[in-house]
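Keeping their order, the protein sequence lines are chains L and U. Going by our numbering, 317 is the number at position 317 of the first sequence; the sequence numbering is gapless. Take any residue in the second sequence, count from 1 to its spot, add 361: that is its number in our numbering.
In case anyone wonders, no lab produced these hints; they're calculated from the structure. Beta carbons: idealized from backbone N, C-alpha and C, even for Gly. Treat the hints with care, as some may be off.
[Unchecked claim] The calculated label-pair distances, taken between Cβ atoms and stated as ranges, are:
#1 U/ASP702 - L/PHE148: 40 to 50 Å
#2 U/SER456 - L/ALA331: 34 to 44 Å
#3 L/PRO178 - U/SER670: 57 to 67 Å
#4 L/LEU27 - U/GLU591: 51 to 61 Å
#5 L/VAL23 - U/SER563: 46 to 56 Å
#6 L/PRO144 - U/GLU591: 52 to 62 Å
#7 L/LEU352 - U/GLY552: 50 to 60 Å
#8 L/PHE339 - U/GLY631: 42 to 52 Å
#9 U/TYR425 - L/LEU352: 26 to 36 Å
#10 L/GLN349 - U/ALA824: 42 to 52 Å
#11 L/LEU352 - U/PHE377: 17 to 27 Å
#12 U/ASP702 - L/GLY284: 38 to 48 Å
[Stated by the list, open to error] Here are the simulated BS3-like cross-link-like pairs (lysine-lysine), alpha carbons at most 30 Å apart as the crow flies:
#13 L/LYS353 - U/LYS726
#14 U/LYS499 - U/LYS437
#15 U/LYS429 - L/LYS149
#16 L/LYS149 - L/LYS46
#17 U/LYS437 - U/LYS476
#18 L/LYS353 - U/LYS437
#19 U/LYS452 - L/LYS149
#20 L/LYS353 - U/LYS427
#21 U/LYS478 - L/LYS149
#22 U/LYS429 - L/LYS353
#23 U/LYS676 - L/LYS249
#24 U/LYS430 - U/LYS676
#25 L/LYS249 - U/LYS455
#26 U/LYS427 - U/LYS437
#27 U/LYS372 - L/LYS353
#28 U/LYS478 - U/LYS543
#29 L/LYS353 - U/LYS758
#30 U/LYS437 - U/LYS579
#31 U/LYS543 - L/LYS353
#32 U/LYS726 - L/LYS222
#33 U/LYS372 - L/LYS149
[As the list claims (entries may be wrong)] So these bits of chain L aren't anywhere near chain U, every CB distance computed over 12 Å:
#34 ALA42
#35 ASP45
#36 ILE143
#37 PRO188
#38 ILE203
#39 VAL220
#40 GLY227
Residues per chain, in single letters:
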Amino acid sequence: MLYNLLSGWRLEKRGTVSQVMMVVVPLLSIVVGLAFAGIFIALTDKNPIDVYLLMLEGAFGSAYGLSETVVKAVPLILCSLAVALAFRMQLWNIGAEGQLYMGAFGATWVALSFPEWPAVLVLPAMAAAGFIAGGIWGLLPAIPRAYFKVNETITTLLMNYIGILWVDYLVYGPWKDPKGLGFPITAPFSEAAILPAFGVTRIHLGLAFALAAVLVLYIVLKYTRWGFEIRVSGESAAAANYAGMNYIKNILLVMFISGGLAGIAGMTEVSGITQRLQHGISPGYGYSAIIIAWLARLHPVAIVLVSVVFGGLLVGGFSIQTSGFPAATVAMLQGAILFFVVGGEIFMQYRLKWVGKGRSA
Amino acid sequence: MSAIPMVEMVKVTKRFPGVVANDNVSLTIDAGQIHGLLGENGAGKSTLMSILTGLYRPDEGDIYIKGKKVDMLSPKDAVTQGIGMVHQHFKLVKSFTVAENVILGMKDMGVLYDKTKIQAQVERFCTQYGMCIDPAAKVWQLTVGEQQRVEIIKALFRGAEILILDEPTAVLTPQEAKDLYKTLRLMAGQGKAIIVISHKLSEVLEGTDMISVLRGGKPAGSTKTELASEQELTRWMVGRNVTTHMDRAANEPGEVVLELDKVSCLNNRGQLAVQQASIRIRAGEILGIAGVAGNGQTELAEVVAGLRSIESGTKHVGGVDHTFSGSRDMIRAGVSYVPEDRLGTGLVPGLNAVDNYILKSYAQKGWLINWQQAREETQDVISSYDIKMANLFNPVKMMSGGNLQKLLLAREINADPRLLVVVYPMRGLDVGAMAAVRKLLLAEREAGKAILLISEELDELFALSDCIAVLHRGEIMGVVHPRTVTVEEVGMMMAGKRMLEQHAV
Chain L
1 MLYNLLSGWR LEKRGTVSQV MMVVVPLLSI VVGLAFAGIF IALTDKNPID
51 VYLLMLEGAF GSAYGLSETV VKAVPLILCS LAVALAFRMQ LWNIGAEGQL
101 YMGAFGATWV ALSFPEWPAV LVLPAMAAAG FIAGGIWGLL PAIPRAYFKV
151 NETITTLLMN YIGILWVDYL VYGPWKDPKG LGFPITAPFS EAAILPAFGV
201 TRIHLGLAFA LAAVLVLYIV LKYTRWGFEI RVSGESAAAA NYAGMNYIKN
251 ILLVMFISGG LAGIAGMTEV SGITQRLQHG ISPGYGYSAI IIAWLARLHP
301 VAIVLVSVVF GGLLVGGFSI QTSGFPAATV AMLQGAILFF VVGGEIFMQY
351 RLKWVGKGRS A
Chain U
362 MSAIPMVEMV KVTKRFPGVV ANDNVSLTID AGQIHGLLGE NGAGKSTLMS
412 ILTGLYRPDE GDIYIKGKKV DMLSPKDAVT QGIGMVHQHF KLVKSFTVAE
462 NVILGMKDMG VLYDKTKIQA QVERFCTQYG MCIDPAAKVW QLTVGEQQRV
512 EIIKALFRGA EILILDEPTA VLTPQEAKDL YKTLRLMAGQ GKAIIVISHK
562 LSEVLEGTDM ISVLRGGKPA GSTKTELASE QELTRWMVGR NVTTHMDRAA
612 NEPGEVVLEL DKVSCLNNRG QLAVQQASIR IRAGEILGIA GVAGNGQTEL
662 AEVVAGLRSI ESGTKHVGGV DHTFSGSRDM IRAGVSYVPE DRLGTGLVPG
712 LNAVDNYILK SYAQKGWLIN WQQAREETQD VISSYDIKMA NLFNPVKMMS
762 GGNLQKLLLA REINADPRLL VVVYPMRGLD VGAMAAVRKL LLAEREAGKA
812 ILLISEELDE LFALSDCIAV LHRGEIMGVV HPRTVTVEEV GMMMAGKRML
862 EQHAV
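Construct all of the structure, not just a fragment, from the sequences and the given hints.
Here it is, written out as structure tokens:
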């Protein structure tokens with residue numbers, strides 16, 4: 001029995017958590033997660049190592065693969081920053097996906113409404129609209145959370161479906177391109193409403209947005225008064241009130257900015273990649289962001305690195321589709337990794353100690 | 362003396378990274394005995410008791426219960442051995458009722474349990490030991506004193522034969538403390554062994570049979586209580602003689618700093634906690650608030666600090682109307698506040714000393730926080746207030762109670778307040794730390810600060826206060842001069858007797 005196998009072990013709290021552990025444990029969690037998922041790949045009579053090598057090759061083995069990895073990393077970075085900011089205040093915003101869609105909606109509304117505007121005008125307007133639309137989507141669940149302690153985990157999650165279906169309604173209905181051969185897409189954006197790309201790649205100016213957001217958030221969290229308030233509020237609401245911080249205002253503000261960052265991801269996707277609004281613009285960036293933020297320990301700079309890895313996972317996932325794997329394989333990999341990352345948290349705080357068998361019950 | 366001791370700890374050693382918490386400590390407790398365990402903060406009392414309750418395993422040494430060697434791997438094992446612990450920091454589920462907390466984790470309750478039966482049982486238990494409490498009340502609604510009763514009942518409910526109490530009287534009135542010792546004596550009479558961890562020498566000398574003292578993790582002495590003296594115990598605890606006497610300088614009070622006029626407020630349950638309370642504190646004056654825990658003191662302090670809204674009446678600080686001011690406004694108005702809940706409200710457990718030191722002052726300068734300056738200021742405070750910590754950047758929850766209190770007081774005093782609100786400042790502190798806190802408060806008084814001191818220690822209130830206001834069920838029974846009334850008179854007022862007008866100030 002498993003119980004008997006484990007009964008001689010005890011978890012003992014570690015005195016301190018070393019810096020090395022903080023890096024090693026998540027890395028090890030990823031490896032174990034891949035090994036675990038490898039069992040299922042092996043069950044399909046494929047060698048999991050070959051499959052992983054194929055993915056690695058696809059994601060990082062060529063200039064094209066690399067550029068595509070970066071393309072995927074952009075929305076991942078923005079969404080991860082979004083959730084990390086909220087997580088810092090112990091606000092469990094798992095609604096980045098819906099906020100992304102609403103951001104895409106806001107940006108699209110600007111692009112379609114003002115097709116004659118020049119790029120210098122329309123792009124900032126699209127970004128602003130994306131930020132505000134995503135921000136409102138984050139703010140809506142924040143209001144009941146702040147005033148009535150309504151659990152934001154559930155409300156942000158449910159808001160995802162509303163956001164996604166709202167966009168679907170638009171692209172299947174009123175915003176559907178009459179020249180789109182019946183596809184659920186809007187009319188293409190004007191030239192000006194498209195984010196310029198670097199060279200022949202699909203890497204667009206959204207990368208600069210993402211990196212700028214990383215820098216700003218890093219400075220805000222580390223050096224500003226407001227960043228300090230978020231940290232204190234996340235640790236203890238009672239202490240935040242005691243210190244004269246406006247806890248309710250900060251909940252609203254953090255959720256608005258969190259939603260806004262995810263909204264920017266929606267804007268860069270429609271403006272830089274699809275260049276129109278369409279069904280299914282995100283393969284779940286907002287959900288992957290939760291895993292990324294957690295792995296990166298909510299640190300803005302670490303989020304960039306982890307996002308590139310997860311971008312690679314997505315691109316690699318596409319490249320193994322030719323060998324007969326469905327795209328859902330990537331979702332399975334992500335799930336396995338999250339499982340072991342969360343499990344690894346325990347070993348960061350505790351260590352296993354053998355205390356022997358035959359003890360009194 | 363029975364032949365076999367109830368508990369015998371032999372040459373127990375426990376090391377933590379960088380510190381030997383218990384060094385070769387032996388302890389024997391007989392059945393029917395109340396054993397006092399004394400020592401300053403960090404002397405290793407808590408570690409020793411954690412070993413006895415199965416939280417830690419000793420690195421060396423053996424434990425015998427009723428003559429039988431035991432190896433306890435978890436608190437569960439300790440409970441099986443009949444060891445019950447009442448912690449200083451309560452381990453209760455706040456959203457559960459008293460009855461639910463009492464049976465929490467008990468295996469033999471079955472899948473479905475009869476709620477009313479358990480409530481009746483708890484109630485019977487309460488009356489039997491004179492610790493009355495509503496078994497259906499939710500724990501978050503209870504005062505700290507009431508929560509402690511739940512903890513005691515919890516341990517008794519599990520059939521504890523060896524009961525360990527960590528600073529049990531810290532939250533009780535003198536009368537309640539007396540009752541508690543009566544209960545303990547009753548339990549000892551039934552053959553239970555009781556260990557009381559305490560700082561209060563007088564109480565230990567009065568209530569125990571044996572006293573053991575720890576200092577710096579090592580045994581410093583052990584004696585029968587009847588043979589012990591206060592001086593000797595103090596010397597064992599701190600390794601030198603300590604004067605507890607304090608000189609209060611004669612002080613001419615200045616203008617009125619705080620004025621509450623007929624203030625009423627609600628508690629967390631939405632009931633009236635303070636009714637029509639009027640107090641005035643002048644600069645250079647300490648107003649003490651006496652009262653049994655849970656009679657509106659905490660709420661009164663929160664009203665002054667702007668953390669609780671006023672239902673009726675007015676609040677003026679420095680002549681300015683602050684009736685509707687929140688905590689930030691009160692901080693700006695020069696009100697410092699040392700709350701009852703130090704770790705969690707006054708200090709943020711997961712943040713480090715620097716973060717905690719600037720918890721309020723961060724808001725003063727511009728957009729950015731000057732971390733360089735914050736570090737330097739914290740470093741200065743740590744050396745000038747003699748605060749001991751392993752590292753400036755460790756979470757403060759790793760610090761000891763006395764050092765936490767010093768850090769908190771240092772921050773609130775260094776804010777250069779006009780009014781200092783201090784709630785239960787001595788709770789859980791050792792002799793040395795208490796003397797330091799007293800000195801700090803008197804120095805602030807001499808510096809012309811107005812001080813609102815809420816305490817459960819009448820001796821302390823009498824020693825420090827210029828005036829004492831007595832709270833009973835949220836009403837002020839009277840304001841008296843400590844030098845014109847006796848402790849007994851104040852005790853009567855605490856029990857609800859209103860002071861005659863001519864005695865009032």
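Results of checking the hints against the structure:
1. At roughly 24 Å, the beta-carbon separation of U/ASP702 and L/PHE148 lies outside the given 40 to 50 Å, and the hint is violated.
2. Under the hint 34 to 44 Å, the C-beta atoms of U/SER456 and L/ALA331, about 36 Å apart, fit the expected range.
3. Take L/PRO178 and U/SER670: their Cβ atoms lie about 59 Å apart, and the range 57 to 67 Å holds.
4. A hinted range of 51 to 61 Å holds for the C-beta pair L/LEU27 and U/GLU591, which are about 59 Å apart.
5. Against the hinted window of 46 to 56 Å, the Cβ-Cβ separation of L/VAL23 and U/SER563 comes to about 54 Å, which satisfies the hint.
6. For the hinted restraint 52 to 62 Å between L/PRO144 and U/GLU591, the CB-CB distance of approximately 58 Å keeps it satisfied.
7. Distance hint for L/LEU352 and U/GLY552: a CB-CB separation of about 40 Å, inconsistent with the stated range 50 to 60 Å.
8. Take L/PHE339 and U/GLY631: their Cβ atoms lie about 44 Å apart, and the range 42 to 52 Å holds.
9. One distance hint, 26 to 36 Å for the beta-carbon pair U/TYR425 and L/LEU352, holds here, with the actual separation near 29 Å.
10. One distance hint, 42 to 52 Å for the beta-carbon pair L/GLN349 and U/ALA824, holds here, with the actual separation near 44 Å.
11. Our hint of 17 to 27 Å for L/LEU352 and U/PHE377 holds, since their Cβ atoms are close to 19 Å apart.
12. Separated by about 42 Å at the C-beta atoms, U/ASP702 and L/GLY284 satisfy the suggested range of 38 to 48 Å.
13. In summary, the hint linking L/LYS353 to U/LYS726 is not supported, as the alpha carbons are separated by about 49 Å, beyond the 30 Å threshold.
14. For the proposed pair U/LYS499 and U/LYS437, the alpha carbon gap of about 25 Å is at most 30 Å, so the pair holds.
15. The hinted pair formed by U/LYS429 and L/LYS149 fails the criterion: a straight-line CA distance of about 52 Å is larger than 30 Å.
16. Distance hint between L/LYS149 and L/LYS46 is unfulfilled; the C-alpha atoms sit about 49 Å from each other, more than 30 Å.
17. A C-alpha spacing of about 24 Å is found between U/LYS437 and U/LYS476, which places the hinted pair at or below 30 Å, so the restraint holds.
18. Only pairs whose Cα atoms come within 30 Å are accepted, and L/LYS353 paired with U/LYS437 is accepted, the gap being roughly 18 Å.
19. For the suggested pair U/LYS452 and L/LYS149, the alpha carbons sit about 24 Å apart, so the restraint of at most 30 Å is met.
20. Straight-line distance between C-alpha atoms of L/LYS353 and U/LYS427 comes to about 29 Å, which keeps the hinted pair within the 30 Å bound.
21. For the given pair, U/LYS478 sits about 34 Å from L/LYS149 by alpha-carbon distance, which is inconsistent with the 30 Å threshold.
22. Proximity of U/LYS429 to L/LYS353 is assessed by CA-CA distance (about 25 Å); at most 30 Å being required, the pair is judged to hold.
23. Pair hint U/LYS676 plus L/LYS249 holds up; C-alpha atoms about 25 Å apart against a cutoff of 30 Å.
24. A C-alpha spacing of about 62 Å is found between U/LYS430 and U/LYS676, which places the hinted pair above 30 Å, so the restraint is violated.
25. Among the hinted pairs, L/LYS249 with U/LYS455 is consistent with the structure: their alpha-carbon atoms are about 27 Å apart, no more than 30 Å.
26. For the suggested pair U/LYS427 and U/LYS437, the alpha carbons sit about 18 Å apart, so the restraint of at most 30 Å is met.
27. Proposed proximity of U/LYS372 and L/LYS353 is supported: the alpha carbons are some 23 Å apart, at most 30 Å.
28. Straight-line distance between C-alpha atoms of U/LYS478 and U/LYS543 comes to about 27 Å, which keeps the hinted pair within the 30 Å bound.
29. A threshold of 30 Å between alpha carbons decides the hint, and for L/LYS353 with U/LYS758 the separation of about 25 Å falls inside it, so the pair holds.
30. A threshold of 30 Å between alpha carbons decides the hint, and for U/LYS437 with U/LYS579 the separation of about 27 Å falls inside it, so the pair holds.
31. With a C-alpha separation of about 43 Å, the suggested pair U/LYS543 and L/LYS353 falls outside the 30 Å cut-off, and the hint is violated.
32. Our distance criterion of 30 Å between C-alpha atoms is met by U/LYS726 and L/LYS222, whose separation comes to about 16 Å.
33. At most 30 Å may separate the alpha-carbon atoms for a hinted pair to count; U/LYS372 and L/LYS149 exceed this at roughly 52 Å.
34. With a least CB separation of 39 Å from chain U, L/ALA42 remains clear of the 12 Å interface cut-off, as annotated.
35. Even its closest Cβ contact with chain U, about 46 Å, leaves L/ASP45 beyond 12 Å, as expected for a residue assigned away from the interface.
36. Residue-level check passed: L/ILE143 sits 20 Å from the nearest beta carbon of chain U, beyond 12 Å.
37. Listed as a non-interface residue, L/PRO188 keeps its Cβ farther than 12 Å from every Cβ of chain U; the least gap is roughly 42 Å.
38. Against the 12 Å criterion, L/ILE203 stays outside the reach of chain U, whose nearest CB is about 33 Å from its own CB.
39. Distance check for L/VAL220 against chain U: the nearest CB is about 10 Å away, which does not clear 12 Å, and the non-interface claim fails.
40. For L/GLY227, the shortest C-beta to C-beta distance to chain U comes to about 8 Å, within the 12 Å cut-off, and the non-interface label is violated.
Checked against the numbered hints above, the structure violates hints 1, 7, 13, 15, 16, 21, 24, 31, 33, 39, 40; every other hint is satisfied.
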